[in-house]
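J.: My request is simple: use the sequences and hints to build the entire structure.
Number of protein chains: 6
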Amino acid sequence: MNDKILAADNKVMKRIFSIDTLTYQDGALSTKVKEMLGLVSSMVLRCDDCIKYHLEKCHEEGVTNDEMFEIFSVANLVGGTIVIPHTRRAVEYWEELTTSKQE
Amino acid sequence: MNDKILAADNKVMKRIFSIDTLTYQDGALSTKVKEMLGLVSSMVLRCDDCIKYHLEKCHEEGVTNDEMFEIFSVANLVGGTIVIPHTRRAVEYWEELTTSKQE
Amino acid sequence: MNDKILAADNKVMKRIFSIDTLTYQDGALSTKVKEMLGLVSSMVLRCDDCIKYHLEKCHEEGVTNDEMFEIFSVANLVGGTIVIPHTRRAVEYWEELTTSKQE
Amino acid sequence: MNDKILAADNKVMKRIFSIDTLTYQDGALSTKVKEMLGLVSSMVLRCDDCIKYHLEKCHEEGVTNDEMFEIFSVANLVGGTIVIPHTRRAVEYWEELTTSKQE
Amino acid sequence: MNDKILAADNKVMKRIFSIDTLTYQDGALSTKVKEMLGLVSSMVLRCDDCIKYHLEKCHEEGVTNDEMFEIFSVANLVGGTIVIPHTRRAVEYWEELTTSKQE
Amino acid sequence: MNDKILAADNKVMKRIFSIDTLTYQDGALSTKVKEMLGLVSSMVLRCDDCIKYHLEKCHEEGVTNDEMFEIFSVANLVGGTIVIPHTRRAVEYWEELTTSKQE
Numbered sequence: 028m029n030d031k032i033l034a035a036d037n038k039v040m041k042r043i044f045s046i047d048t049l050t051y052q053d054g055a056l057s058t059k060v061k062e063m064l065g066l067v068s069s070m071v072l073r074c075d076d077c078i079k080y081h082l083e084k085c086h087e088e089g090v091t092n093d094e095m096f097e098i099f100s101v102a103n104l105v106g107g108t109i110v111i112p113h114t115r116r117a118v119e120y121w122e123e124l125t126t127s128k129q130e
Numbered sequence: 028m029n030d031k032i033l034a035a036d037n038k039v040m041k042r043i044f045s046i047d048t049l050t051y052q053d054g055a056l057s058t059k060v061k062e063m064l065g066l067v068s069s070m071v072l073r074c075d076d077c078i079k080y081h082l083e084k085c086h087e088e089g090v091t092n093d094e095m096f097e098i099f100s101v102a103n104l105v106g107g108t109i110v111i112p113h114t115r116r117a118v119e120y121w122e123e124l125t126t127s128k129q130e
Numbered sequence: 028m029n030d031k032i033l034a035a036d037n038k039v040m041k042r043i044f045s046i047d048t049l050t051y052q053d054g055a056l057s058t059k060v061k062e063m064l065g066l067v068s069s070m071v072l073r074c075d076d077c078i079k080y081h082l083e084k085c086h087e088e089g090v091t092n093d094e095m096f097e098i099f100s101v102a103n104l105v106g107g108t109i110v111i112p113h114t115r116r117a118v119e120y121w122e123e124l125t126t127s128k129q130e
Numbered sequence: 028m029n030d031k032i033l034a035a036d037n038k039v040m041k042r043i044f045s046i047d048t049l050t051y052q053d054g055a056l057s058t059k060v061k062e063m064l065g066l067v068s069s070m071v072l073r074c075d076d077c078i079k080y081h082l083e084k085c086h087e088e089g090v091t092n093d094e095m096f097e098i099f100s101v102a103n104l105v106g107g108t109i110v111i112p113h114t115r116r117a118v119e120y121w122e123e124l125t126t127s128k129q130e
Numbered sequence: 028m029n030d031k032i033l034a035a036d037n038k039v040m041k042r043i044f045s046i047d048t049l050t051y052q053d054g055a056l057s058t059k060v061k062e063m064l065g066l067v068s069s070m071v072l073r074c075d076d077c078i079k080y081h082l083e084k085c086h087e088e089g090v091t092n093d094e095m096f097e098i099f100s101v102a103n104l105v106g107g108t109i110v111i112p113h114t115r116r117a118v119e120y121w122e123e124l125t126t127s128k129q130e
Numbered sequence: 028m029n030d031k032i033l034a035a036d037n038k039v040m041k042r043i044f045s046i047d048t049l050t051y052q053d054g055a056l057s058t059k060v061k062e063m064l065g066l067v068s069s070m071v072l073r074c075d076d077c078i079k080y081h082l083e084k085c086h087e088e089g090v091t092n093d094e095m096f097e098i099f100s101v102a103n104l105v106g107g108t109i110v111i112p113h114t115r116r117a118v119e120y121w122e123e124l125t126t127s128k129q130e
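Residue numbers (my numbering), protein chains in the order written: chain A, 28 to 130; chain B, 28 to 130; chain C, 28 to 130; chain D, 28 to 130; chain E, 28 to 130; chain F, 28 to 130.
Hints are supplied without guarantee of correctness; some may be wrong.
[As the list claims (entries may be wrong)] In silico BS3-like links for lysine-lysine, alpha-carbon gap of 30 Å or less:
{"no.": "1", "chain 1": "A", "residue 1": "Lys-41", "chain 2": "A", "residue 2": "Lys-84"}
{"no.": "2", "chain 1": "B", "residue 1": "Lys-38", "chain 2": "A", "residue 2": "Lys-79"}
{"no.": "3", "chain 1": "A", "residue 1": "Lys-31", "chain 2": "A", "residue 2": "Lys-84"}
{"no.": "4", "chain 1": "A", "residue 1": "Lys-31", "chain 2": "D", "residue 2": "Lys-59"}
{"no.": "5", "chain 1": "B", "residue 1": "Lys-31", "chain 2": "A", "residue 2": "Lys-84"}
{"no.": "6", "chain 1": "B", "residue 1": "Lys-41", "chain 2": "A", "residue 2": "Lys-59"}
{"no.": "7", "chain 1": "E", "residue 1": "Lys-84", "chain 2": "A", "residue 2": "Lys-38"}
{"no.": "8", "chain 1": "F", "residue 1": "Lys-38", "chain 2": "C", "residue 2": "Lys-59"}
{"no.": "9", "chain 1": "F", "residue 1": "Lys-31", "chain 2": "C", "residue 2": "Lys-79"}
{"no.": "10", "chain 1": "A", "residue 1": "Lys-79", "chain 2": "B", "residue 2": "Lys-79"}
{"no.": "11", "chain 1": "B", "residue 1": "Lys-84", "chain 2": "B", "residue 2": "Lys-59"}
{"no.": "12", "chain 1": "C", "residue 1": "Lys-41", "chain 2": "D", "residue 2": "Lys-59"}
The hints are simulated quantities; they were obtained by calculation from the structure and are not laboratory data.
T.: Next up, the structure:
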């Protein structure tokens, strides 16, 4: 679907996508930490699709199960119980990712 | 799904769940009023799962149909028309709850 | 300042103000309960001016100190620690209101 | 479903619906511009149902494809990448609307 | 203060600022309409500094008083009464801008 | 002011404060990383007081200037330009913190 957004050839949208790539690259902070920052932001803003995306990236970066639940903790503390349903779905997806990894 | 969150044995998440139980207990305010407060908060923050949960609790606490629509009114006034789609789903679920009750 | 908004003679703005008055009138729910609903909504949406307004109304409706802190509890639980700074200012204003009452 | 909300005969809800109609009528600003304002607001507040509604209205008002992507640009710039998943769904629905139009 | 952000020489921040400029340029939609879109977005997201910025731009683009209040209407309808305090401050600033213009 | 909240002797509020302390302790993730998570969450939720608090903690944890601007980048990308005014104030406060440190 991002293809469709890009196909429209709108300069602003294209640049936003390109900054998105730039932002998470290794720098003073590692991609791993940045993806954790992206994840917690997506959780407190309660965007399920964004959460899924960053869960995948965190998984690729080798975030462990205990680390992940500490990210969930910060998100639920700062964002409140309103974040719980999103955490439920995040746990479910995280389990899928980490289970398929072990195979 | 809450079981999975709790199974991870993360202290912070566990304590948040236990405070959640504590918060809605009868105190200076009745559980009924507190559940109405929880519902209206969930509506203005637009969390459908949270709304469903508090609708069930409000139903158990004997909130009437007219009271419920006055809660919806406050939510839509304070939160704006952006709350309407969530109100639609809330009305639908409330109807299910109250219809099954009458049987 | 509301006078300036109304002076502009914009129909929509005028009607929103008049619905606002209507919403909090005694009905199936008392004005007291509705003001508590308005307050908790303002807290989770983190609008200091709205919080102040509803604190005044709650005070007029005879909300007690213990009741008020239970409203604060729901707001901080549902809305997260992001609500704490607003709670601080609310406590401060609530104290002013309740202290001046006792005189 | 709006019928069900209205059927409950709650004065506040009825008036909110009637103001909603009033707000988007031609005035100093055209309905077209107002629908664009409603759309961008729905996007930054991330309400998919509201977005769909305003996409339909924008389509009726003759908003072009290039204009639509400029609205998407403002929404994604102001609201951040958190708006991207909603933009994806908006693009998909917009395509449906504009394709069926051409037939 | 933007100078300080830019002085830090962070690529992502610099690009976000440059996209910001690009987004509001005349295109399929005029700068005037885009600034109105930026304003209404800032209002429903309740960012006073952003509102001030777009009020200035709208003023430069020749938005009239009646048009402005119709933007306020959409913002208050969609975003709810939580937007009222921000509207108050917006009206006050708009008055300053339009009064100084007439001189 | 937290003293006043705690003085009210409300169990829920007390426990929220105690979880807050627990959440940011060294665990699978270091306090440093957790404070960065708390900061970025506060930025996208646009809470200036919370931002200040986490800036202080990040400073104590030895977050460097380049790292800090990468956190700002993620916040502004994910949260949008609506975060810019909060970033401005954050940069200002960060400068105060880091300048006084060097003395």
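J.: Can you list which hints this structure breaks, lowest number first?
T.: none
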